[in-house]
Amino acid sequence: MADRTVLFEIKRQASPDAPAVWEKFELPWRPGMNVISAMMEIAANPVTADGRETTPVTYDSNCLEEICGSCAMRINGKARMACSSLVDNLEQPIKVEPLTKFPLVRDLQVDRSVLFENLKAVKAWVPIDGTYDLGSGPRMFPQEQEVRYPLSNCISCTCCMEVCPQFNEATGFVGAATIAQVKLFNEHPSGKVLKEERLRALSGDGGIQECGYAQNCVEVCPKQLPLTDAISDISRDVLLQKAKDFLRG
Amino acid sequence: MAAPKIIVIGGGLAGLSAVIKIAEAGGNVDLFSIVPVKRSHSVCAQGGINAAKNLKGEGDTTWQHFDDTIYGGDFLANQTPVKGMCEAAPGIIDLLDRMGVPFNRTPEGLLDFRRFGGTLYHRTAFAGATTGQQLLYALDEQVRRHEAEGKVTKYEGWEFLSAVLDSKGVARGITAMNLRTMELRSFPADAIILATGGVGALFGKSTNSVVCTGSAQSAIFQQGAYYANGEFIQVHPTSIPGEDKLRLMSESARGEGGRVWVPRNPGDKRPVKQIPAAERFYFLEEWYPKYGNLVPRDVATRAIHKVVYELGLGIDGQPMVYLDLTHIDRATLDHKLGGILEIYEKFVGVDPHDEPMKIFPGMHYTMGGLWVDFDQMTNIPGIFAAGECEYQYHGANRLGANSLVSCIYGGFQAGPNALRYAKNLTAAEGDGGHAAELARQTEINNRLVRNDGNENPFRLWRELGQTMTEHATVTRYNKGLKVADQKIVELLDRYNKVNLSDRSQWANTSFAFARQLKNMLELSRTVVLGALQRDESRGAHYKPDFPERNDERFLKTSKASYTGSPEGPRIDYEDVDIQHIKPRPRRYDAAK
Chain R
1 MADRTVLFEI KRQASPDAPA VWEKFELPWR PGMNVISAMM EIAANPVTAD
51 GRETTPVTYD SNCLEEICGS CAMRINGKAR MACSSLVDNL EQPIKVEPLT
101 KFPLVRDLQV DRSVLFENLK AVKAWVPIDG TYDLGSGPRM FPQEQEVRYP
151 LSNCISCTCC MEVCPQFNEA TGFVGAATIA QVKLFNEHPS GKVLKEERLR
201 ALSGDGGIQE CGYAQNCVEV CPKQLPLTDA ISDISRDVLL QKAKDFLRG
Chain F
1001 MAAPKIIVIG GGLAGLSAVI KIAEAGGNVD LFSIVPVKRS HSVCAQGGIN
1051 AAKNLKGEGD TTWQHFDDTI YGGDFLANQT PVKGMCEAAP GIIDLLDRMG
1101 VPFNRTPEGL LDFRRFGGTL YHRTAFAGAT TGQQLLYALD EQVRRHEAEG
1151 KVTKYEGWEF LSAVLDSKGV ARGITAMNLR TMELRSFPAD AIILATGGVG
1201 ALFGKSTNSV VCTGSAQSAI FQQGAYYANG EFIQVHPTSI PGEDKLRLMS
1251 ESARGEGGRV WVPRNPGDKR PVKQIPAAER FYFLEEWYPK YGNLVPRDVA
1301 TRAIHKVVYE LGLGIDGQPM VYLDLTHIDR ATLDHKLGGI LEIYEKFVGV
1351 DPHDEPMKIF PGMHYTMGGL WVDFDQMTNI PGIFAAGECE YQYHGANRLG
1401 ANSLVSCIYG GFQAGPNALR YAKNLTAAEG DGGHAAELAR QTEINNRLVR
1451 NDGNENPFRL WRELGQTMTE HATVTRYNKG LKVADQKIVE LLDRYNKVNL
1501 SDRSQWANTS FAFARQLKNM LELSRTVVLG ALQRDESRGA HYKPDFPERN
1551 DERFLKTSKA SYTGSPEGPR IDYEDVDIQH IKPRPRRYDA AK
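Protein chains in written order, with the numbering used here: chain R, 1 to 249; chain F, 1001 to 1592.
Since the hints were made in silico from the structure, they are not lab data. Glycine included, each C-beta is placed from N, C-alpha and C at the ideal position. Any given hint could be a false lead.
[As the list claims (entries may be wrong)] Straight-line C-alpha distance at most 27 Å; calculated DSSO-like pairs for lysine-lysine:
{"#": "1", "chain 1": "F", "residue 1": "Lys1346", "chain 2": "R", "residue 2": "Lys95"}
{"#": "2", "chain 1": "R", "residue 1": "Lys223", "chain 2": "F", "residue 2": "Lys1346"}
{"#": "3", "chain 1": "R", "residue 1": "Lys192", "chain 2": "F", "residue 2": "Lys1556"}
[As the list claims (entries may be wrong)] Using C-beta positions, here's what the derived DEER-type ranges look like:
{"#": "4", "chain 1": "R", "residue 1": "Glu91", "chain 2": "F", "residue 2": "Gln1274", "range": "14 to 22 Å"}
{"#": "5", "chain 1": "F", "residue 1": "Gly1059", "chain 2": "R", "residue 2": "Pro189", "range": "54 to 62 Å"}
{"#": "6", "chain 1": "R", "residue 1": "Glu91", "chain 2": "F", "residue 2": "Gly1059", "range": "25 to 33 Å"}
{"#": "7", "chain 1": "F", "residue 1": "Arg1447", "chain 2": "R", "residue 2": "Gly135", "range": "52 to 60 Å"}
{"#": "8", "chain 1": "F", "residue 1": "Asp1535", "chain 2": "R", "residue 2": "Pro127", "range": "35 to 43 Å"}
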């Protein structure tokens, strides 16, 4: 019996201005193989299925256990993490492409720094007085921790932004991940001191009003964040804030 | 006078901790990281962070934490810095709590604590089973705040290549390479802090992230920094073997009551859940009745190897044992361990609520690292180190949940110390060595790109990983260590014939990897030769031919220095600070 192999088709692009080409690879199958191990195999033996020499594929990765958020890409048309994409669960040939909503760097690598800029804009932090010893933190009940913890599991993979029809240059929408972080910090006893500023940051163009409730975000999120709940809650808070600001003149 | 400029390399817990302290004190920081700092390897830590807060009425004290840490490390750690860390730990937990880390809570709204290995106290604060992620994010958020206020400049996507040293050997900056444009540049600084993490890649597959190559440590080791206790490598007892890496299965699974066992009958063909309790061999509980499944990692790992390789009791004859949580109710598991159970189910396809997990030891952590003094400074003036990349806090074996606290504490020490050092630094002569170092690095790059050999760097790396895993992990023999060193020397020679299949100057990952590989090879020799020369067994370093700890000869820190000669690094020995706790035999079959 011939050894089992796995077929891949990978979209390659040498630089942002270079033309995109598809390359096919036929790799030895191994039990438990994921898309990342296929990339590693190609790096050790950079030859296409038709025997042509090529270069190792450029892609982002780090932890390989779906917690660092690096290796998001489109696999068989779906935005997901390459590390947790097991070959045995995928239809072949496995088609791998970069995310489409972010500036392409090379091959499967894109520039997702927009998310980190968004987090700056909404002040996604607790403004502590300092790191010197000021005693215990605020008391918090398990029920409160259980609201915050799932939101704090966001790995910044940007899959929710990739699949959002409203996340594009025309709207400038911040996307679901950032909104969820606003809820996370507004729920914290001392984080909420910046609540009004965060809500105002989400009230203009590109803010929460751009959301079209397609709900793709919550479906694609690899960490099952309650994204649509966060969007509903923050929408309400933004409206209340607008009303308050209006009355205050 | 302008505020001193500090460069921090690495944006995990240690690096970010240093950055925050420097920014808070009015210093000026440039933060370099290969990956966006929020994606650093600290994110992988799962189980928790230790501090003797004594919130469970057990009478825990920072002294107990100190004693457990020293004892767990088999007395190899210098005691004064470890004492400082354990005393600072409760305050660090409070600070993290104030930063908004969603730690698990008791019904009264206080921090909850769980058990961990190597202690009999509930001393480990946790946020589900993703504590590292939650801690990293909290520090990342504080750094983002300082960045927004203009106190921190991030250089993400830049890889550190070397330190810039002046004619007197004093650090004056760094050289780094932009991983997108491949631009090579030197950056001036009055002090630099390495917080560049672990060395998992020396072993091919490990629980570490892709960036944990030890390349930065190795680079400055080759520039004259000592590398200490490199032979002490922690192999975590419970990992999930994979094609691309070994995924960690947290010690917290045992902290919450998980039990390790194998069928007593090696040929048992019954479905796992039909094997009755009497026919299960709970070997850790039998062999170590006091600590049970929560013996320190080196002890648990050797026990699993013994069961598999000496007793032939691995599941289905494979190198695997069960880690069983199925007796614990689903709600408790989801609340306290959700994150790691999800990882197991995603990658193995089996639900650990219903069926015991199959696990095996995997390379996890380096206790050794850059030698530093009690101020976290290496022997090169102006170069500091903090976190896993230095050697100071864990001796011969690290206790679970001590790494997060050592990273943060180390960063909190290194930051202010570097700033103090920088304020007293006199100006460099000339350009401080920048032009010369940049030229040296440019030449290395040019040679690599032009090289016309026939060796693929990724394949050389696989061979390195295989030899290191075979000879330099759980059980070590001098014969095998010599074989490993010869193999590394061979790989170093073949490295000269590396051919980059990609010669482009844009986001060229092979190029960056080839540069790391050279450093990995050089650093591997310190691990192997350090192990070869240490003829005793201590903590994670185990030689069946020398089964006892030998304090007379080896209660010493090993210090490797680079020689550039074919014989490899020179290893010297330095006395250990034992002024607080007198060394005593380390055993876990009874209370200590």
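Going through the hints against the structure:
1. Taken as a hint, the Lys1346(F) and Lys95(R) pair is honoured in the structure, with Cα atoms around 21 Å apart against an allowance of 27 Å.
2. For the given pair, Lys223(R) sits about 11 Å from Lys1346(F) by alpha-carbon distance, which is consistent with the 27 Å threshold.
3. Restraint check: the Cα-Cα separation between Lys192(R) and Lys1556(F) comes to about 51 Å, which exceeds 27 Å; the hinted pair is violated.
4. Look at Glu91(R) against Gln1274(F): about 36 Å separates their beta carbons, and that is not inside 14 to 22 Å.
5. Checked against the hint of 54 to 62 Å, the pair Gly1059(F) and Pro189(R) fails, with Cβ atoms roughly 30 Å apart.
6. Between Glu91(R) and Gly1059(F) the Cβ separation comes to about 59 Å, which falls outside the hinted range of 25 to 33 Å.
7. Taken as a hint, the range 52 to 60 Å holds for the pair Arg1447(F) and Gly135(R), whose Cβ atoms sit roughly 57 Å apart.
8. Hint check: Asp1535(F) to Pro127(R), Cβ distance near 55 Å, so the stated range 35 to 43 Å is violated.
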